[in-house]
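Construct the complete structure from the given sequences, taking the supplied hints into account.
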Amino acid sequence: MATVQKRKNDDGSTSYRVMVRLKGHPTATATFDRLTDAREWGSKTERDMKAGRYFSAAKLKTLGELFDKYAVAAAPRLKSWNEVKRQLDWWRTKAGAEMLDAITPARIAEWRDELLATPKQRGGGQRTGADVNRTIAALSSAMSYAVKELGWIERNPCERVTKTKEAGGRVRFLSDDELPRLLDAVRASSHSDLLPAVLLALTTGARKGEILGLRWSQIDFKRRAITLHQGETKNNAGRALPLSGEIVELLKARNKVRQIDDDRVFPPPADCKELELREPWKAALVLAGYRRAQGNAQGAQQGCRQRRSAARDDFGFSLARPAPYRRQLPDDGGSIGNRGSPRARPQDARHEPALFAPCARPRDRARGQAGRTHGRGRGYEVNNLLLAIIAQAHEQNWCTEPYCTTCGSLDYRNKLKELAGDLGGPLANALEEIGIVELIALPNWRGALELAFNSLPLGRLQAEGALRRWLPELSNHADFADHVLFRIVRYLPSASELKAEWINACLDIVAKTKNHSLVETLILVLECKALEYPALIDAATAHASTSRQMRRVLNNKCGTNYKLD
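With this note's numbering applied, the sequence shown corresponds to residues 1 to 565, in that order.
A few of these clues could be false.
Only pairs whose alpha carbons sit at most 25 Å apart, straight line, appear in this in silico DSS-like list of lysine-lysine [stated by the list, open to error]:
id	residue 1	residue 2
1	K163	K50
2	K85	K6
3	K222	K252
4	K512	K529
Each pair of labels, with its calculated beta carbon distance range [claimed, not checked]:
id	residue 1	residue 2	range
5	E154	W90	37 to 43 Å
6	K148	R239	29 to 35 Å
7	G238	N429	47 to 53 Å
8	M99	K208	38 to 44 Å
9	R258	N476	19 to 25 Å
10	G151	N82	42 to 48 Å
11	P242	K59	57 to 63 Å
12	K252	L498	25 to 31 Å
13	A237	T560	52 to 58 Å
14	G238	S80	16 to 22 Å
15	L410	A495	31 to 37 Å
Because the hints were derived from the structure by calculation, they are not lab data.
Being a predicted model, the structure only gives us computed values, none of them experimental.
Ideal Cβ positions, reconstructed from N, Cα and C, are used throughout, including at glycine.
Below, the structure is given as structure tokens:
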């Protein structure tokens, strides 16, 4: 029954409040300025209720409001919420402001066909039927929530929409000949997390999310088993995974140098939820011969954009951004430069004066365009492609700080990615061709060189050529030897012959020059083994009489007992 109440407003005007009450239906109310409109709305609403055509919330709530409610309920329990949210955002752009009763099966079918004809967001190309179906499924989940939990609509309109046809899946198994080749490529990767993650996947059959979310408390080295607890897996069922072979020793070694503030076996960067292994895995597949490299500059530039997008939307780490800093230096299997390096400390600023300074902002992007690709400007003229990029970075005032948290040295990194391509061959060749003298003539060579090493997809495998190229020239360049030893060489594996040769060359320089910074770096690298080199200890002792920092390094690394006052 519809009833109308006359009301007097504060401003003296009159309004009419309509209330419709019918058994088995929620009470519907509305307010009008005219009595005629109020009676007409009451009669129509009562007829719709009796005919089963009236759902007040569907006429008052928008699709965007439903998505907001659904996000509060679904985000904590859906592991794939980031992907679902991306799909719901597409629907929000199409019909977020429309009322729920306007979202009909016919309109959803129109949007389905429009979505099928829309290129993919990542990389372009034709959308697949599976992608369209998953986007409709995200909308269907929100609509089901509106039916069952909120009672805003009577029926899910997506149930009457025909799904697109999906292509058949592909089953692919590695043959006995392919598996060793793949593992060799994985071992050659500069990313220290790739090999244990791949071995865990091969030996346990665990999913990627289960591996990247693995915690040390789940690993029992005595029983050689991993326990996946109930609620932590895709189907929420717990299970045990046996450990065997090489992965056991790798995990034990990894356990000795794990992070203090993160219990995960594969700790991610500070601004990400999970570690991203997509790009190192792709590089390993290319090296093993399972993927074709994209070598052109346009493809490399597009790949950079895709990797940065994946780093934000997917797992958070790729070659387009710096990796997390470890608290401890791994004794084995460490990588070149930034990946696997210890946490940056204030005392490290002596090796990079601008390390903790605010990054420079480009002042003039109009300079250094097509006519400056070979570094002509500000007195520099070079033929090497990498030197040209470093000179261009200085000329255009690009940030080249490896640990920049403001711009991430994005302009310079993008240039390096264009030069490197997918496999990094052109960048590795350019590094190997550079001489020390022409490199240190550039004022920004320190950070630029470290970023160049970090941009090599295959890491130390590609860096050895350049490091061996510079060995004969080290004796005349103590500062260069000190910087490269501290930032790059010390992260080579302890059994590396190249690392030993570089340390011996630096020891020879110390015997001649007593360079304070190089002495300190050698002690940091050698630690207790520094006591085996009397000339190094003598030089350090001489500096310790006047340097508090040298006394601290000797106390911490060599067990001496110098007073720090």
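Now the hints, each set against the structure:
1. Proposed proximity of K163 and K50 is contradicted: the alpha carbons are some 34 Å apart, above 25 Å.
2. Our distance criterion of 25 Å between C-alpha atoms is broken by K85 and K6, whose separation comes to about 46 Å.
3. Restraint check for K222 and K252: the C-alpha separation of about 11 Å stays at or below 25 Å, so the hint holds.
4. For the proposed pair K512 and K529, the alpha carbon gap of about 20 Å is at most 25 Å, so the pair holds.
5. The hinted range of 37 to 43 Å is not satisfied by E154 and W90, whose Cβ atoms lie roughly 25 Å apart.
6. In this structure the supplied range 29 to 35 Å holds for K148 paired with R239, their Cβ-Cβ distance being about 31 Å.
7. Judged by the Cβ atoms, the range 47 to 53 Å given for G238 and N429 holds: they are separated by roughly 51 Å.
8. The given range of 38 to 44 Å is respected by M99 and K208, whose C-beta atoms sit roughly 40 Å from each other.
9. Against the hinted window of 19 to 25 Å, the Cβ-Cβ separation of R258 and N476 comes to about 41 Å, which falls outside the hint.
10. As the Cβ distance of G151 to N82 is approximately 28 Å, the hint placing it in 42 to 48 Å is violated.
11. Checking the proposed 57 to 63 Å range against P242 and K59 shows it holds: the Cβ atoms sit about 58 Å from each other.
12. The beta-carbon spacing between K252 and L498, approximately 26 Å, falls within the hinted interval of 25 to 31 Å.
13. In this structure the hint that A237 and T560 lie 52 to 58 Å apart at CB holds, the actual value being about 56 Å.
14. Taking the beta carbon of each, G238 and S80 are about 20 Å apart, inside 16 to 22 Å as hinted.
15. For the pair L410 and A495, the supplied restraint of 31 to 37 Å holds, since their beta-carbon distance comes to about 36 Å.
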